[in-house]
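Q: Take a look at the letters that make up each chain.
2 protein chains.
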Amino acid sequence: MAKVKKTPRPRAETPKGFRDYFGAEVTERAEMLSRIAEVYHAWGFDALESSAVETVEALGKFLPDVDRPNEGVFAWQEDEDADWLALRYDLTAPLARVYAQHRNDLPTPYRRYAMGPVWRNEKPGPGRFRQFYQCDADTVGAATVAADAEVCAMLATALEAVGIPRGDYVVRINNRKVLNGVLEAMGLEDEGMRAAVLRTIDKFDKVGEAGVRELLGKGRRDASGAYIDGVGLSAAQADPVLAFLTARSDTTAATLARLRDAVGGSVVGAEGVSELEDMAALLEAQGFGPDRIVIDPSVVRGLGYYTGPVFEAELTFEITDEDGRPRQFGSVAGGGRYDDLVRRFTGQEMPATGVSIGVDRLLAALRAKGRVTGEALGPVVVTVMDRDRMADYQQMVAELRAAGIRAEAYLGSPKNFGNQMKYADRRGSPVAVIEGTEEKARGVVQIKDLILGARIAESASLEEWKDRPSQYEVPRGDLVSKVREILDRPG
Amino acid sequence: MAKVKKTPRPRAETPKGFRDYFGAEVTERAEMLSRIAEVYHAWGFDALESSAVETVEALGKFLPDVDRPNEGVFAWQEDEDADWLALRYDLTAPLARVYAQHRNDLPTPYRRYAMGPVWRNEKPGPGRFRQFYQCDADTVGAATVAADAEVCAMLATALEAVGIPRGDYVVRINNRKVLNGVLEAMGLEDEGMRAAVLRTIDKFDKVGEAGVRELLGKGRRDASGAYIDGVGLSAAQADPVLAFLTARSDTTAATLARLRDAVGGSVVGAEGVSELEDMAALLEAQGFGPDRIVIDPSVVRGLGYYTGPVFEAELTFEITDEDGRPRQFGSVAGGGRYDDLVRRFTGQEMPATGVSIGVDRLLAALRAKGRVTGEALGPVVVTVMDRDRMADYQQMVAELRAAGIRAEAYLGSPKNFGNQMKYADRRGSPVAVIEGTEEKARGVVQIKDLILGARIAESASLEEWKDRPSQYEVPRGDLVSKVREILDRPG
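From first to last, the protein sequence lines are chains A and B.
Numbered per this note's numbering, the first sequence spans residues 2 to 492.
Numbered per this note's numbering, the second sequence spans residues 2 to 492.
Since the hints were made in silico from the structure, they are not lab data.
Certain hints may be false.
Remember, identical chains collapse to one label, so a pair may be satisfied in a single copy or spanning two.
[As the list claims (entries may be wrong)] Each computed DMTMM-like pair below joins lysine to aspartate or glutamate, with the alpha-carbon atoms no more than 25 Å apart: (1) 219 with 292; (2) 370 with 240; (3) 124 with 297; (4) 423 with 82; (5) 423 with 376; (6) 17 with 79; (7) 219 with 389; (8) 416 with 393; (9) 219 with 376; (10) 423 with 400; (11) 441 with 322; (12) 124 with 387.
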């Protein structure tokens, strides 16, 4: 037998750009997703969990026409004749594949929701990971804008269900066809020019109205001093584009009137305005007025990708950013109508519309609102004073659990009592229970209020400290009721 | 610009060995996992979600010492200098990595639970997929068998929490050290011989006592007629191994006495028996008697992998297999103590024990028990009789949802009413609501009880059919109460 080479110790590290999630990070996200799922389900959407692994061919964007088709995705090939496989990079591309594959067994329209991790083979950065969660709802096979309106209303309902109060968010709606109409009305037929205009208005969020006007015209010197060439439109040509971007008015009717002006005689433009009008009417009728869902043509994110209505949910409350400056929280969800995705597989038209919630951003928003804490309360820890009486300690734990109180016995080496208290501290335990030989003989237990104890330790005088008001001796029979009393103590 | 080559349509298929999960398949699994998580959490275990992607180095088993280190796992390398990455194949190897990486920030003992998909690059077969769920709980850093006993008791509690009643399952416990003691008592020092004995007793489930006796001796002719060479022990040498495997008796004390005999004077064997005795005592004290958790040395699965206690949860009720024959449901969870996994990274001893629940098998068991149906009730479908009155239909849907009733308006093309009813049927909708122009004028709605309707359609006479007892006309204001009445109808 060949001699086994001694392998060096492996490094205990996640791959670059990946991370682990602990305790409350996991349970708070699960709780939030479960509340969103409840809303989606109540609205008639069915759960779907597609496989994490897809063929590169099915994912689309990344066709195997180059040596390494894993640009942007994690991809591999089993052997030279095998299909390239990849981890899904979103939940929409798999939906198109699922619908095309199972369309004979699925209802049409097919309303589905999906939640789970997706993977991106991109340069990781601060707060940017290569595995993250998405939470999507889509309707495949419904051409009517009633489907788009439904998704927007459901999104607003889901935000409220997870704890974003009305007034703290707004869903803004735009429509790609209106922009197409504007370009048509301008007589801008050239595809390259149209694409350049699209790229430019995508910068509206960053450079504002004046910036977009410059960039549509001759060009603009940016903050770094570099000169950015413009699209080359005349001021008159740029006017309708700016009119479109800034069409939002006090009332829906006024906004729609301005958009109707901006698209001039364009048929597709009129269709876009009419779609927005229909959506607004349907939403109003369901009680989703402009305080919650509003037509706002300055929503330009995704206009290039989507084919009709586009929507974005924004949180409107202020947070303090890393530099201590107040700023609006910003976008937590986006979506729109994409009518071409299923056709890739089937060759047949198949309308689709949907929304994706940015799970991590929404969770951060809930933390900012104090709706979730990011910190879990640890279990009550029953310390082990006498190694041979483990059954006694387990009995206490069983009584506490039976009363609905999270509890455990210490299972490390019981020799050093200080280690047990350090353990309870690290777990965030609210209460420690102590029953030594002497307590056992007297039929009592010591109960330490660790949260109050920590507070006293921070601020107490020696006298207060000596009184040990955060530790109680109670009869063994009162264990559960005393622990319950401490846990229920306000503040 | 180069001419874009027209790409052929991609195939709409999951990769071989992968599948999608729809509706109730997703929600029932999520519900089951959430109940298990509640138990784990109440017992002091913290959630952990590690990344799905690990370095091949950290995963261990599959070291990059060959050209393609992806034997058994899905692995890839970004470029020649980069680390090989792989999808995790279980939740235990990542736990060892996580604990080694974060051990300075984690409490010790570290109790954690984890649930999620794992991936195996194996030949798929019927019911065997390359992505499947695991649900694990482990304690790292506790040397005491109190930790093993806790995991067994928690497993029993979790099974009851998801709907497996007491009496329908049993957790069976064994101990690797007892077997080591038996081999030591036999004077079997040779590693190769020991491994051969281990492999042989692993077949106990399949070939039974007589079969193992033959295989430990000269050999055995199997069902196909092929002759399998034996290990070559004498009958006297085989006796203690058989005594070990069949040591289970009516009482725990009797079983332990037989095991004590079987290990003779072996120190490690005595230690193993004493561990089993301690576990049984702790479990009895917590009310987990032999009706739920029993010492049974015939549990041999995993004896090769684990280093101390080994446990397996078996469901004891009968199901009917594919061939129509009754058989016991069998194993749904397994685990044990593995004290060497963290040491790979740190070089330091770190005891660990835990259990993994076979999520898909447990779900199948719940289906067999009728605890979950595998079929979701669809939403109430409000049909669209008049395209221009979508807001009216949405209003009905909103009223139903506000009453906690899952509901939706039909969003496909409303032209063909038959398609709407087909859709409701495919969704498994219990109720369809109809309000045409004529009903609107009279202030009423038609409510179809689709479940009762389907039942009548199967068995009704023409007369009964004509009476249409499954369709009701009610005032518009009674919509919600009538739907509620139908949904609450027993049977």
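Q: Now tell me if each hint is right for this structure.
A: Evaluated hints:
no.: 1; hint: 219 with 292; in the structure: neither (38 Å within a copy, 84 Å between copies)
no.: 2; hint: 370 with 240; in the structure: neither (40 Å within a copy, 69 Å between copies)
no.: 3; hint: 124 with 297; in the structure: neither (33 Å within a copy, 53 Å between copies)
no.: 4; hint: 423 with 82; in the structure: neither (57 Å within a copy, 43 Å between copies)
no.: 5; hint: 423 with 376; in the structure: within (18 Å within a copy, 49 Å between copies)
no.: 6; hint: 17 with 79; in the structure: both (23 Å within a copy, 12 Å between copies)
no.: 7; hint: 219 with 389; in the structure: neither (85 Å within a copy, 47 Å between copies)
no.: 8; hint: 416 with 393; in the structure: within (17 Å within a copy, 72 Å between copies)
no.: 9; hint: 219 with 376; in the structure: neither (53 Å within a copy, 62 Å between copies)
no.: 10; hint: 423 with 400; in the structure: within (24 Å within a copy, 54 Å between copies)
no.: 11; hint: 441 with 322; in the structure: neither (54 Å within a copy, 54 Å between copies)
no.: 12; hint: 124 with 387; in the structure: neither (53 Å within a copy, 52 Å between copies)
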